[in-house]
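**Q** Construct the entire structure; sequences and hints are all you get.
Protein chains in written order, with the numbering used here: chain A, 526 to 860; chain B, 14 to 141.
One should not assume that every hint holds.
One side only, chain B facing chain A, incomplete, derived with CB under 7 Å [as the list claims (entries may be wrong)]:
1. Ser54
2. Pro55
3. Ser56
4. Asp61
5. Ser65
6. Ile72
7. Val76
8. Leu83
Cβ-to-Cβ under 8 Å is the rule here; a few derived chain A residues that face chain B [stated by the list, open to error]:
9. Tyr609
10. Met617
11. Gly633
12. Gly669
13. Phe672
14. Ser676
No lab work stands behind these hints: they were computed from the structure. Even glycine gets a Cβ: it sits at the ideal position worked out from N, Cα and C.
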Amino acid sequence: MTAYFTLIWITIIGVAVLMYVVLDGFDLGVGILSRKAPSREDRHLMIACVSPFWDGNETWLILVAIGLLAAFPLAFAIIVPALYFPVLLMLMGLMFRGVAFEYRSVPGKHVEFWDGAFFSGSLVAAFAQGIMLGMFVEGFTVTGREFTGTSFDWVAPFPLIAGVALVFGYALLGAGWLVLKTEGALQHWARECGRRMLTFVLAFIFIVTLYMLIHQPQVIGRWVSFPHIFFLWPIPLGAALAAWWVWRSFSNLHEIQPFIATIVLFAISFLGLAVSLWPNIVPPSIDLWSAAASPGSQAFLLVGTALLLPIILAYTAWSYWVFRGKVQAESGYGH
Amino acid sequence: LLGVCCAPIGFIAVIAGWTVTETGRQPWVVYGMLRTADAVSPSLTATDVAISLTVYVLIYSFVFGSGLILLLRLMRTIPDPHGEVQIKTPAGESDDSVTLLGGNRPLAAGTRSQDPVVPDSLVAGAKS
Chain A
526 MTAYFTLIWI TIIGVAVLMY VVLDGFDLGV GILSRKAPSR EDRHLMIACV
576 SPFWDGNETW LILVAIGLLA AFPLAFAIIV PALYFPVLLM LMGLMFRGVA
626 FEYRSVPGKH VEFWDGAFFS GSLVAAFAQG IMLGMFVEGF TVTGREFTGT
676 SFDWVAPFPL IAGVALVFGY ALLGAGWLVL KTEGALQHWA RECGRRMLTF
726 VLAFIFIVTL YMLIHQPQVI GRWVSFPHIF FLWPIPLGAA LAAWWVWRSF
776 SNLHEIQPFI ATIVLFAISF LGLAVSLWPN IVPPSIDLWS AAASPGSQAF
826 LLVGTALLLP IILAYTAWSY WVFRGKVQAE SGYGH
Chain B
14 LLGVCCAPIG FIAVIAGWTV TETGRQPWVV YGMLRTADAV SPSLTATDVA
64 ISLTVYVLIY SFVFGSGLIL LLRLMRTIPD PHGEVQIKTP AGESDDSVTL
114 LGGNRPLAAG TRSQDPVVPD SLVAGAKS
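**A** Below, the structure written as structure tokens:
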């Protein structure tokens, strides 16, 4: 039984990462798109689209960080110092956009400034998270049980490209969300944004895949070797189909499908990354089992998590249900 | 006046208490188990810490400073029985940039919540 704790924990953390990326991804994405909003009124509406949800979405980020600390302390001890400045950047970004929600609703001449803070905070947070993803894919410099790189390892081509990639990825999610929550001219605008963002996202998926295949030969081995290929071929095929579905749904009159299709595209890409990196939790050298906490600690934490997760999922679902439907112009922030 | 002077006391108490626990525990980070010197991330340099601390101090000062200014501005607004609010602005400064967002969020208290964000014409257009 204890052998399964590690697998259960990595599943919880993996699902939490995906939940975070999809949920906070769309509200960061709306923030990124808010810069290009057709008008001030549209920007108000766009922010109203995410204001009931954004803070709850960040719950998952905390679950990921604390889950990693509790269940895989060695991974936490290596990854967090390696991501020191990207984490700093992300927190600054999240702080600015978080207060911007409140500050922009106070009457005065500073509203435009805090709208700017909302945009740039969203952009910086998304970029920083992309950098983290890029570093994770590229691997960390580890000697023994310690991170032996520097705090500036993230200043490298691949992490920076991944940073830009995630900005476009989140913008795509944001566009899907806007199609779902808005109507008329703004919705039409969101559809156009979505198609444009998808082109960029596909280009970046292509670059990242190519990079991994060239720089990490073991990844090719993972995908094409017998018998893996029998189980894995649906993943690239699914990604291609999902991309086509995203394009189609943004183009025709579907309202829910663009967002759902984008989530599917994200989930499949995430699965593809997980397959490539498995079973490492600190690529390229430390696997799940050597980073795991003792079975006793993992079991103890599993009890609490098993009680809490359904509650988090339930209230998340409920809040999305309460705030379902289109955003109306009259419903400003907090109604 | 005494009340106003006492306002920061709570903050001072919290920060002082925190300082006492953190310094009192030294040289341990986990008492009796792990020394602070052994717990430091090997990759972290003094420069890194200096940079991040500076950034935190600057950003916190800015965010809290702005928050304080906005709170004071809200306290200057005079609510009237009809739900309209008047905002005192210095003479000659126009007040056309008042936001139309409202609601019951902490900082939205002084805004005119019943005004639509978007002109009716645009709403009608959006629904057609």
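**Q** Are the hints correct? Go through all of them and say.
**A** Tested hints:
Against a cut-off of 7 Å between C-beta atoms, the interface hint on Ser54 of chain B holds, since the closest Cβ of chain A lies about 4 Å away. Given the 7 Å rule on beta carbons, the hint for Pro55 of chain B holds: about 5 Å separates it from the nearest Cβ of chain A. Interface restraint check: Ser56 of chain B against chain A, minimum CB-CB distance 5 Å, threshold 7 Å, status holds. Because the closest C-beta pair between Asp61 of chain B and chain A is about 5 Å apart, less than 7 Å, the hint holds.
A least Cβ separation of about 5 Å between Ser65 of chain B and chain A falls short of the 7 Å threshold, and the interface hint therefore holds. The beta carbon of Ile72 of chain B is positioned within 7 Å of a beta carbon in chain A (closest approach about 6 Å), and the interface hint is therefore held. At a threshold of 7 Å, the smallest CB-CB gap from Val76 of chain B to chain A is about 6 Å, leaving the interface hint in force. The closest approach between the C-beta of Leu83 of chain B and any C-beta of chain A is roughly 5 Å, which is under the 7 Å cut-off, so the hint is satisfied.
Because the closest C-beta pair between Tyr609 of chain A and chain B is about 6 Å apart, less than 8 Å, the hint holds. The interface hint given for Met617 of chain A holds, since its Cβ lies 6 Å from the closest Cβ of chain B, which is under the 8 Å cut-off. Given the 8 Å rule on beta carbons, the hint for Gly633 of chain A holds: about 6 Å separates it from the nearest Cβ of chain B. This hint is violated: Gly669 of chain A has a C-beta 10 Å from the nearest C-beta of chain B, more than the 8 Å allowed.
With its C-beta approaching chain B no nearer than about 5 Å, Phe672 of chain A sits inside the 8 Å limit, and its interface hint holds. Taking 8 Å as the C-beta cut-off, the interface hint given for Ser676 of chain A holds, the closest approach to chain B being about 5 Å.
Going through the hint list in order, the structure does not satisfy hint 12, though it satisfies all others.
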